[in-house]
Structure formats: C-alpha cells, structure tokens
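> Residues per chain are reported as follows:
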Amino acid sequence: MSTETVTASIASASRDKKREKNFVKTWKRLLKNKMAIVGLVIIALQLIMTVAAPILVDYDPNKQNLALSELPPGTDGHWMGTDNYGRDIWSRLVYGARISLFVGLGAVSLGLIGGVVLGLLAGYYRRLDGIIMRFVDLLFAFPGILLAMLIIAILGTSLVNVVIAISIWSIPTCARIVRGSVLSVKKQEYIMAMKSLGASDGRILFKHVLPNCTAPIIVFATMRMATAILSTASLSFLGLGAQPPTPEWGAMIAAGQDFMWSSPHMIIIPGIAIMLVVFAFNVVGDALRDALDPGMNLDK
Amino acid sequence: MAGSAQVLYSVKGVKKYYPVKGGILRRIKNHVKAVDGISVDILKGETLGVVGESGCGKSTLGRTILGLEQLTEGNLVYNGTNISGYSKKELKPFKKEMQMIFQDPYASLNPKQTVGEALEEVFIIHTNLSGKERRENAIRLLKEVGLTEEHFDRYPHEFSGGQRQRIGIARAIAINPSFIVCDEPVSALDVSVQAQVIKLLQDLQKKHELTYLFVSHDLGVVRHLCNRVLVMYLGQMVELAPVDRLYENPVHPYTEALLSSIPRPVVGAKRDRIRLQGDLPSPANPPTGCPFHTRCPIAKDHCAAERPEWREIEEGHYIACHER
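Line by line, the protein sequences give chains A and B. Quick note: the first sequence, position 102, residue 102 per full-length UniProt numbering, numbers continuous. Quick note: the second sequence, position 97, residue 97 per full-length UniProt numbering, numbers continuous.
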C-alpha cells in the first residue's frame, strides 16, 4: 500500500466518523424521549422474536393437539394457553411477529421506492408534476383499506398480495411528502450551483436533492410500518391476507372470535401484540421527527 | 481596457420574461420583464460590473448568460459560437468554460456533502480523473483559495461565511473556466472578510486570466474591482462606461442618483444626495418609453412616449437617455 492510498483511506475513515457522529447525535436526541425508549424496546423485542423464533418456543406453531385445546394462560407448558385446536399461542405469537415485521418491511420498502421515485420526478420536473400528482390523487380517492381490498380482489388472496396492496396504498402519501421536500430543496442555491457546473439531472436528483430530503422520508417510513402492520392484520382478519393455519396476528383474532366467551385469551393476546407494535412504531416515528428536526440542532 | 481587446462573450439583445399565470386555466396573463434587451460585449480579461437596484434583473442577466435560464429572445455568442438555443448536451463543453460564484455562501454548498466531495464532484462531471488525481486536484484547489488539506473532510456548516465563499470560488475555478459570473459574491460577508475575498478574486483573475461579470449593488466594491460598469434599471441598460469615467462623470440621471447614494467616509462632508421620487415600478408593468421617466428629475413629455436610443457619447461610454 502506498502512502497515498493510506492517507486516502485515513481520510475516508475520518469522513465516515463524521457521518457516524451525525447519526450518534440524532440517536442521542432520540433517547432523550422516554416514550421513544419504550417504543424502541418493543421493536427490539419483536426483532428478537423474528430472529430467534425457533429458540424461544417449544412447539410448532401449527401443530394441533386437540386433547389440549382452549387451555387458559398460565397452564404448565403453555404459559399463554392454547387455541381451539390446541396450538400453543406463544409459539403462534412469536412466529406471527416474524410475519408482521416482514410484511411491514416489505410493504414499506416497496411503497418507498415507488413513492420516492414519483415524488422526485413530480417535484423536480414541472411538466411531470401535473400528471403524477393527478395519478396520486386518483389513488387517494379510495379509502386505504378499500383500495387494498380492491387490489387483493384483482390479485387474489395471499400474504404477498397483501404486501403489494399495502405498498401501493403507501405510494401516494410518500410521493406527496417527497414532492414537498423536493420543491423546497430544489430552490436552494446549491442545486443551481450544480446546474451551473453542468451536472446531469440524475446526479442532481440522487446526490443532491434526495440526501437533503431524508428526514421526512425516515419519519414517514417508521410511521408507515405501524399502518402497514395494522392493515395486514385487518386484511387477514377479513380473510383477505394470511390464510389459516398461518400464525398471523390478524388471522389469529379472526379464528378466535367464535371462542370469544369461552377463551378470550385467543383474541386478547394477539390483539395486545398488534396494539403494542403499532404503538411502538408510532411513538418512535414521532420521536424521530423531533430528533431529525433541524430546528432542534441548535440545542446542545 | 484598450479598444483592441478581444470580445470573449457577446450578449445580443437578450430578453428574459417570466410568465405570470392566473385564472382557473392558468393562462399566461402577463410577463415579468426581468431582463429586457441587454446587449453588451464582454472583453477578454476584463471585469464588467453590473449594478442596479434590487430587482432590476442583474442576477437574472448573470444566470441567463450562463444558460441557467431559458432565453426569451436574443443571442449569446461565446468566443464566436452562437450558443443560444443549444440543448443541455450541446452546452456541456461550454459549461466548462463558464462558471458562477453565488451570493449566499451558506446556501450554495450542499450541507450533506463534505468540501472534498463537493470539489471532487466537479472533476467527476467533467473529467475522467482517477480518485487519487481528483483528490490531489481538490487539495490543490483548497490551497489555492487559502484553505488547507485539513478542510477536505469537513462539512460546510463547520466553516465561516468567508471560508465557505472560498470553497465556492474553488469549485468555480476547478475546471479552469475562462469566464465567471460573480453574483454578489461578497454582499453576504462581513466587511473585513469582503476585502479578503475580493483580493482572492483579483489574484485568481491575474493568475488564470479570468474574465468576470461582477453583479453587485455595492458601488464601492464595483469601483475597486471592475474595469467597466453597466448600469441597469428595470431590466434595461441605462449606462455603460469605463469605471473611472462613470464614477467621475455619470451622465444618465439614474446613474447620478445611484452614485450620489454612496456614503462618504468623511466627517462633515456635505452630500448633495439626489433623492428619487416614487417607488421602483413593477417589472411586470414597466412604464412606456424610457423606463426611468416616472422618477426622473429631468423627464420631458416625449420620455414617456419613446424608448431612448442606446448611443455612444464618448469612446466606450454609452447611455440611453433623451435629455443628456
């Protein structure tokens, strides 16, 4: 390695350190918010459940044991009880966490890709603005769940189609948020400076406009995780998403509603799980918005 | 500037109108005439000052000349090539020749990019240099504008206004342009820093044989830096003259008023300041005839009717006025 490459790599390391510093700053501000910590802990628990599901549970989530059906929580070996087929609810809950996280991530990332591209184009090119935004308005005209149901009706019921439906539903909101940020960023003088340097539109959009629009996109993505998880559960509850015996939380509630009086834990436990996760992503999204707000950069 | 000087950039009858849209159908109702018929030859190696009130179109003129705004009318002839109407692709080799230094050093640098990245990017756009060569060149540029290698990995918010403007200048001279539009490069800076930046601009001009179009409303700076000065009013040319002649013997009544507004740093000095009556008319609805007649102390009836001719009163000294 020549001395030059050494200095260059040292330089890039120090550059990374600076980036890291910004990240740490945001992180520290985030941790000042008590609610955010609660939310982060819940999300962390869901992550652990997702990664370590086989270690955490003793039973196959789909294995029926009719002899042990409808056991109440607190039973030996089944601390959260069992459902009407004698399946361990804890196992189903843990595997359900995996599904809800994957569906949420999938739907949000697909929605982000579509929304960011449309938003960038609409915000940057005035000619495309009208066309793209009318298309977005068209998507907005449908209530979210109805739009998702329509898409599933066309594509057929399955978890993958739920991901697609929810991502399409996320596109218009995301596109509007991105467009708004692009409109304010593109008026900045540094964009004009890049134009006068002869930079291509692609370079300006992805290297200069997009990096300066990240804060609202991150907040949107976090909040959207909550909506996506809730919508997946709703669609599965309605029988449009995960099909039995998949241990999806919404599907678990749907299966449990007939046993609401005899074994209320069949719907209460997955219900609480959904509530906690949605709550967690919402408070973390809120806290992120505060932490990323440039106005807050002034204190400390 | 001697009369034999070569013309680098010839601006011919340039107009830039912005449409004003209104109504439900967003029809074009009117135009804001930001730049309304400017013709001037920019000579190789000179610094041409452009002065005028806020909103007189001087910045728009600078941007239009660089092809950052679409021309409404007129021709731009750079070094003998008529580049008006060129597509973005055709303009790219010319963008290498012409650069811009911006007014606000806080806004003209991408806050998410380190200084090194910003400078290297210019080479990425215009050259095929390797990463190592780009870095070397960027560091050379930093040193040239009075910064050091340590500044390479810092973000813009870590710099003072003057330092940022130096970075902006480094970026502008990175690919050895011949022509630079300076859009009020020092007006956002402290007076002490202004002097340093102006000195830097002068040094760079000598070293690289640069030609400047210096847009400013600071008449003191213009006198210090420029060879010739163009006075603009409501998007139109009012007076053009070599700097000393203009400051000592302004002919157009608007120039007279403008120059009389310069504060004099002499205790007890009597100032016969010419106060203009009325407000600056809207460029969307400029007065007929001479644009200045509504506020002109010597206006006659025909000033409102006819647009004054652009004429040479002495060698190199042009004005547009019926009365002088």
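Think of the hints as simulated: they come from the structure by calculation, not from any bench. All C-beta atoms, glycine included, are put in the ideal place defined by N, C-alpha and C. There could be a bad hint or two in this list.
[Said to hold, decoys possible] Each computed BS3-like pair below joins lysine-lysine, with the alpha-carbon atoms no more than 25 Å apart:
| id | chain 1 | residue 1 | chain 2 | residue 2 |
| --- | --- | --- | --- | --- |
| 1 | B | 15 | A | 187 |
| 2 | A | 186 | B | 132 |
| 3 | B | 143 | B | 132 |
| 4 | A | 25 | B | 15 |
| 5 | B | 15 | A | 207 |
| 6 | B | 21 | B | 44 |
| 7 | A | 207 | B | 89 |
| 8 | A | 207 | B | 29 |
| 9 | A | 207 | A | 187 |
| 10 | A | 186 | B | 92 |
| 11 | A | 186 | B | 300 |
[Claimed, not checked] Examples of chain B residues toward chain A, derived with CB under 10 Å:
| id | residue |
| --- | --- |
| 12 | 85 |
| 13 | 93 |
| 14 | 94 |
| 15 | 96 |
| 16 | 109 |
| 17 | 110 |
| 18 | 111 |
| 19 | 124 |
| 20 | 174 |
| 21 | 199 |
> Hint by hint, say whether it matches the structure.
Evaluation of the provided hints:
1. Note on residue 15 of chain B and residue 187 of chain A: the hinted pairing holds, with a Cα-Cα distance of about 22 Å set against a maximum of 25 Å.
2. About 31 Å separates the Cα atoms of residue 186 of chain A and residue 132 of chain B, which puts this hinted pair outside 25 Å; it is violated.
3. Between residue 143 of chain B and residue 132 of chain B, the direct Cα distance comes to roughly 17 Å. Compliance with the 25 Å bound is thereby established for this hinted pair.
4. Proximity of residue 25 of chain A to residue 15 of chain B is assessed by CA-CA distance (about 49 Å); at most 25 Å being required, the pair is judged violated.
5. With a C-alpha separation of about 33 Å, the suggested pair residue 15 of chain B and residue 207 of chain A falls outside the 25 Å cut-off, and the hint is violated.
6. For the given pair, residue 21 of chain B sits about 40 Å from residue 44 of chain B by alpha-carbon distance, which is inconsistent with the 25 Å threshold.
7. With a C-alpha separation of about 20 Å, the suggested pairing of residue 207 of chain A with residue 89 of chain B holds against the 25 Å cut-off.
8. For the given pair, residue 207 of chain A sits about 37 Å from residue 29 of chain B by alpha-carbon distance, which is inconsistent with the 25 Å threshold.
9. Under the criterion of a C-alpha separation no larger than 25 Å, the hint pairing residue 207 of chain A with residue 187 of chain A is consistent with the structure, at around 15 Å.
10. With a C-alpha separation of about 21 Å, the suggested pair residue 186 of chain A and residue 92 of chain B falls inside the 25 Å cut-off, and the hint holds.
11. Of the supplied pair hints, the one linking residue 186 of chain A and residue 300 of chain B is violated, its CA atoms being roughly 46 Å apart against a limit of 25 Å.
12. Interface hint at residue 85 of chain B: violated, since its Cβ lies 17 Å from the closest Cβ of chain A, which is beyond the 10 Å cut-off.
13. Because the smallest distance between the Cβ of residue 93 of chain B and any Cβ of chain A comes to about 9 Å, under 10 Å, the interface hint for this residue holds.
14. Look at residue 94 of chain B: its Cβ gets to within about 9 Å of chain A, closer than 10 Å, so that hint holds up.
15. A least Cβ separation of about 7 Å between residue 96 of chain B and chain A falls short of the 10 Å threshold, and the interface hint therefore holds.
16. For residue 109 of chain B, the interface hint holds, the least distance from its beta-carbon to any beta-carbon of chain A being 6 Å, beneath 10 Å.
17. Of the supplied interface hints, the one on residue 110 of chain B holds, with its beta-carbon coming within about 5 Å of a beta-carbon of chain A, less than 10 Å.
18. Because the closest C-beta pair between residue 111 of chain B and chain A is about 7 Å apart, less than 10 Å, the hint holds.
19. The closest approach between the C-beta of residue 124 of chain B and any C-beta of chain A is roughly 8 Å, which is under the 10 Å cut-off, so the hint is satisfied.
20. Checking residue 174 of chain B against chain A by beta carbon gives a least distance of about 8 Å; that is within 10 Å, so the hint holds.
21. With a cut of 10 Å, the hint placing residue 199 of chain B at the interface with chain A is violated, because the nearest CB-to-CB distance is about 23 Å.
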